[in-house]
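Colleague: Residue numbers (full-length UniProt numbering), protein chains in the order written: chain A, 1 to 327; chain B, 1 to 337.
Heads up, some of the hints might be wrong.
The calculated lysine-lysine pairs, modelled on DSS-like cross-linking and capped at a C-alpha distance of 25 Å, are [as the list claims (entries may be wrong)]:
no.	chain 1	residue 1	chain 2	residue 2
1	B	K121	B	K151
2	B	K73	A	K23
3	A	K23	B	K121
4	A	K308	A	K181
Treat the hints as calculated values from the structure; they're not laboratory data. Quantities reported herein were computed from a predicted structural model and do not represent experimental measurements.
What follows is the residue order along each chain.
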Amino acid sequence: MPVISYIDAVTQALQEEMQRDEKVFVLGEDVGVRGGVFRATDGLYKEFGAERVIDTPLTESAIAGVAIGASVYGMRPVAEMQFADFIMPAYNQIVSEAAKMRYRSNNTWYCPLVIRAPYGGGVHGALYHSQSVEKLFAGVPGLKIVMPSTPYDVKGLLKSAIRDEDPVLFLEHKRCYRLIKGEVPTEDYTVPIGEAEVKREGDDVTVISYGLTLHFALKAAEELEKEGISVHVLDLRTIIPLDKEAILEATVKTGKVLIVHEDNLTGGFGGEVSALISENAFFELDAPIRRLAGPDVPAMPYSPPLEKEFMLNPEKVKTAIRELAEF
Amino acid sequence: MGSEESVMETSRHEALGLSDDQVLEMYRTMLLARKIDERMWLLNRAGKIPFVISCQGQEATQVGAAFALDREKDWLCPYYRDLGMMLVFGQTAKDQMLSAFARAEEPNSAGRQMPGHYGDKRFRVISGSSPVTTQLLHAVGVALAGKMEKKDFVSLTSFGEGSSNQGDFHEGLNFAGVHNLPVIFMCENNKYAISVPIEKQLAGGSVAARGQGYGMPGISVDGNDPLEVYEAVRDAAARARKGEGPTLIEATAYRLVPHSSDDDDRTYREMGEVEEARKKDSLVQFKKYLEDVGILSTESGAELEREIGHIVDEATEYAEQAPYPDPSETYTHVYAE
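Just chain A, with the same shape it has in the complex:
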């Protein structure tokens, strides 16, 4: 199986889906001739032309709103927000329109569209090229939110998202783009939306995470094995719809749960996971649920020591796991 990078998995999924279905098209800022500022749409313009790889004006609300209109008509648009930080002007279209279209029309109109957005820090992106935005959308029924961590999941989930009948927010951690590589089959496959995956089996502490911090958890687990701490790692992969059974199973496995995400602690998705466990598996717990998350400051600063302080890393995850293990 070929080994490819996380961003190549994005490109391959887009390319193969566009080859498979003529209704699939891409739109966004710089996605065409330039192939995207991260090169996620590299080569698509050459293969599919300006009509299906559309360089839009610099207008996030229109990128989302036009994609909504086209999807309601019956197309399969994949809209790119250049950075998740810039999704805010499109918030009204995504939340008031895309998420509610099916419900408000009593199932007669719906929006099969994907909105891709690179999120997350650790790339010297400062306040406005580093944010995690999932908590802003997680409480909006009608949307699906996918946050893969590996190239295999990226490709399989992006294909599922494009084929899905509802709007999917597909959040790609930009630090993962070239850092994370993995085996990806050449033949067509999909990964179902709404299914978490155990990425490592263990007995002492369960870590629940997604995106870049999932890799920090795996790294921490590998190192802690040498100390005799066995870590169970669950990758949520999709946060809406949430794989509740997998979370509860992973909780029961060890009785100690650490939830890790880069989004801010307060209002972050970890609170939802924690509440789910408390309500459904309280008597399975051997320690209080622990959350490790981005600090409650407005966004990630630019200067390296400040960025480093904000970011999580394997060391911080290791410390938190160790504390839980010793509880």
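Given the coordinates of chain A, assemble chain B onto it according to the supplied hints.
Modeller: The following block gives chain B in isolation, referenced to the frame of chain A:
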């Protein structure tokens, strides 16, 4: 040449290629919209329905525009006042009353949305929301899809003049202009955005003039004249179908009633101003036109009013008796099932 001695002179509607039957149907639809709307206010004041948002004063614009489109293939992204447009495209008085009473059978949303939030797949009307101007971008998206699929339909989206200040207006016009899309942007300027008059809404004083900045014609028409609106929309649709791109139309009329049943317009405008506007009411003016050209008589006009009265009565009675949605419907259709 005076009109008295020129009986052979072509009438305005004939010059537009409209038959006597067609203009009579336009008037009939305008009148139906008005009567439905008036009945809703009565029902609201009687405590029978929670909310009304009106088309009154804008019927000519809505009906004239919709008549100029192809009702078999064109798409609509209307806003919450477009009752007249919906009736032309195929919804009925019964549909409106079912919506007013929030009944399960209501076609826009099965009672999920407030009245006026139109959406009807049968007639290619995309469901709308309450945050204004969002629908413009959907119309642009439909037009983009049509162009990609090499179809020859147009999409028409309508909105108030207040909406011409929203970002989505500017983003939508610009996107359609850049990609030369078959969209008609029709502003129904009724001179008020709830309480705020156009003087406080529109720098430059004109919505139509904003078209120039986005590389499209910006056309001003009398929104009280259904024939003038018809002509402008017909021409815009022809341009769009020929691949000549979008058009912005500003049809100016007047909102004859408060913003909604929860508003009191006496708190921000003189009632004398409303009375003046009523003299230019399209229903009065168009009726006179039809009488002048001999299409409508006092008798046939009265008969039409009676007929429409019956339709509205029947629709009201039907809707009032119709069942509400089952509470379990609260949980359906969040996602594909």
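Colleague: Each hint needs a verdict: does it hold in this structure or not?
Modeller: The hints, checked one at a time:
1. B:K121 with B:K151: 18 Å, holds
2. B:K73 with A:K23: Since the Cα atoms of K73 (chain B) and K23 (chain A) sit roughly 20 Å apart, the hinted pair holds (cutoff 25 Å).
3. A:K23 with B:K121: The hint holds at about 20 Å.
4. A:K308 with A:K181: Within the cut-off at roughly 23 Å; holds.
The structure fails none of the hints (numbered hints given earlier).
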